[in-house]
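Asker: So the chains spell out like this:
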Amino acid sequence: MLLQCLNISYRYPQGDALVFRDLNCRLADPGFHGLFGPSGVGKSTLARIMAGEISGFTGEIKRRDRAGILYSCNTERLPGWSSVGDHLTKVTPAANLPLLRELITAFDLGSCVDSRFSQLSLGQKNRANLTRYLLQDFDLLIMDESLANVDEATRKQIIVTIKQIFPDRYFLYISHSVAEVATFCARILVLRDIHKSPQLIEVAGRDHHGDAVPDRPALERAMLEIVHAA
Amino acid sequence: MNGALPRLVFLLGLLVLVSLLGGCRQRGGEPAAELNYRLKWLYNINTAGDLYAQEHGFFTSRGLKVTVKPGGPERDAIRELELGRAQFGVASADQVIRALAKGAPIVVIAQLFQQNPLQWIYRSAGACYASPRQLRGKTVGITFGGNDETIMRALLAKYRIAPDEVNLFSVRYDYTPFYRGEVDLWPIYRNAEGIVIAEKMAKAGEQTGFFVPDLFAVRFVANSLITTRSMLEENPGVVRSFRDALLSAWQEAMAPANAARTIALVHAYDQGTPAEIIAKQLDATRQLMLPENGRLGRIDVAAWQQTEKIMLEQGVIDSPVAVEKALLPDGL
Amino acid sequence: MLHKRLSQFLIIYFLGLGLLLAVKYCFGLSDYVIPGFTDMQNTAQAVAAGYLRAVLDTLGVAVIGHVLAIALATVVAIVGRPDNLLGTMIKTAAYNLQAYPIVAVAPIIFILLGDGLPSRLLIAAIICYFPLLLSFIGILGEPVAGIEHFYVVTGRMRWQLEVKIRAFENIHKLITVVTGSATLAMVGTIVAEFIGADSGIGYSLRIALYQSDIAKVLVALFLIGVFNSLYLVALELLGLAVRKRMGVEQRTQQ
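Protein chains in written order, with my numbering: chain A, 1 to 230; chain B, 1001 to 1332; chain C, 2001 to 2254.
One or more hints might be untrue.
[As the list claims (entries may be wrong)] Okay, derived cross-link-like pairs now, PhoX-like style, lysine-lysine, Cα gap no bigger than 25 Å in a straight line:
no., chain 1, residue 1, chain 2, residue 2
1, C, K2091, A, K90
2, C, K2091, C, K2173
3, C, K2244, A, K90
[What the hints assert, rightly or not] Some chain C residues well away from chain B (every beta-carbon gap over 12 Å; in silico):
no., residue
4, G2028
5, I2034
6, R2158
7, L2232
8, V2242
[What the hints assert, rightly or not] Computed from the model, here is a short list of chain C residues facing chain B with C-beta under 7 Å:
no., residue
9, L2029
10, T2043
11, I2207
Don't read these hints as lab results, they were simulated from the structure. Ideal Cβ placement from N, Cα and C applies to all residues, glycine included.
Working from the sequences, and respecting the hints, build out all of it.
Answerer: Printed below as a string of structure tokens:
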């Protein structure tokens, strides 16, 4: 098991109300998992607590020894003083340079490498940002709406590619698309309003790898389960 | 819309003009219900008579309502007279002559200092300046652009001392170069900071003397009482009353019998200067305003003419101004 | 840019001059209070060469003082950038020290350093230093979370990179502040010369005021305005070149 949250309670530094009360969850097996929930329920906050970027909560986070957990989100930007290609090369460990070339092709970034980040479309920006995180040494990568503004076909291609290239890593994909998380995620952590108990429910997804046509009725059942849980 | 902007600019311009000219409405020549009297400098011993006149009713007893206003580095009584913000003022002779050269309609109604207080202090030990020729090889402080530069250059020219025979040192408010002995002679107002510096030097065991240009026939007039020509022509009675009031007040303020009152009065307005220093300043002022056989307020026409000549020779003014025409005869 | 700056200055200058002349002729004031056109023309011819040298001297000192102030403000802002005790102390000191009027501090500087170039430089630098410092501290102390996050979580963040990111992201503000403070450097030098130095246009202004010669003051103000405008234009062009080099223009076009 990579990570386990035990009885996590948290309130924002400037707020009185609790965001989480005795929340429990875990990421037991590698794979592409999802974190789903209505807007404002605290998905990003929980993700950042898992990544160790937020402190001040009560409860316990158990991480596997030396676990590398990275949190990425769609509001991040690359510096503007060099091209996207230069930046990606600079932040890629030497051993991963072949992987960089592979990802540039898979994520359809070939036409962007000579451009500055500010010149890219929103979808290209998110892909470029995700690419540099995938090139780092990590065990768990939290993708907080990292594919927002990317068209559906490319999103699917990217998720499938990630699952193919990184079968032994953990991913926690935050998305508002029920269909997407139900289709591609193995386990879906459904975060609910604080007044509901338990606050987080784990639902099984279809963990689709893009190699066959998804089982439609099973997918619909999974989607229904997620929606009911939320 | 096209016509609105120019109209707005015009109105704004008019507004600025009117507000700027707020103080110009009361012209100098018109009879003033209240008279403003702008001094040359801040309240100190040089304003003793002015304060005395105000505090002891010399103006009111003559039916004058006068507001005495302190001067300062940014104040120029001549400009205020022309702008109608003051009816009387104190200005130095060089200011008066410069203003006359530029067409300012002013007249001198009394000369306050009979000897210029602007002198040079020096360490008297081992130094003797019986003649300006002894300045050769010395370092002499001057304020470039100031009166002291004009006076010193006139003195050097009169005694045929080439400028390169004297080391002229640019001075400011900081006396350190003089204290350190880097400068031999330092320009000061004899009756004001001259007393303070001499006291300090005496406490440090050093005796001082004063180099007095007047003694070497360079008579450069200092502070005088002025008004506008229109004020004089239209209200001669007011001008006469004002002058008489002020000179009477100065006479009483300088009288040794009234020394304690004068010292107390000046100290009340100039609390930064100790009373014992003011007492010494008063003695020095008395000698400058009332020299032997002198008469307070006497306009020394010859000295004014020499002052003009010096300024003309040094290129401070371009052409003669016939300063004697701006000096009011004693009889008013 | 040059044309715009100069024409702005000339419009303001000649409007002011026109206003003065209007006052003069409306109220029949003498040349002593407000100089006439001929008087100004004659004065300009007489002093232009000397004043030009003086204003160039002042500009030289102002530029060096400005560069010194920028360098110092950059160093102090970098040191005071972290939100810790040292950073807080530096910020507090900067806010408090800037409250001291330079006219009160300048005499002490002249006593310590004399009335030569060092005093003029120091006073020019001090006058434009504090506004620069406060802006630099504000800019370099404010995280750019969207860019810095990646470097922080991947352990790549160094102070040099942090400064580079924050400076790059706020390059417009930095250039505006630097350009704005150029006028302060010029003013600072003139104030220093006015108070205690024995060269430069501030010194010439002091002599002109001693001599109650407003025509000279107006000539000096004209030259100061022209050369200050030229300096501002030079800085703006420099800023444009820096932005171009750093690729900021592409972003703004986007």
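Asker: Each hint needs a verdict: does it hold in this structure or not?
Answerer: Status of the hints after comparison with the structure:
1. K2091/C - K90/A: Distance of about 35 Å is beyond 25 Å: violated.
2. K2091/C - K2173/C: Given that 25 Å is the threshold and the Cα spacing comes to 19 Å, the pair holds.
3. K2244/C - K90/A: holds, 22 Å
4. G2028: Incorrect as stated: the minimum Cβ-Cβ distance to chain B is 9 Å, not above 12 Å.
5. I2034: violated, 9 Å
6. R2158: holds, 48 Å
7. L2232: Answer for L2232/C: holds, closest chain B Cβ roughly 25 Å.
8. V2242: At roughly 37 Å from the nearest Cβ of chain B, V2242/C sits farther out than 12 Å, so the non-interface label holds.
9. L2029: Holds: closest Cβ of chain B sits about 5 Å from L2029/C, inside 7 Å.
10. T2043: violated, 11 Å
11. I2207: For I2207/C, the interface hint holds, since the closest Cβ of chain B sits about 3 Å away, which is under 7 Å.
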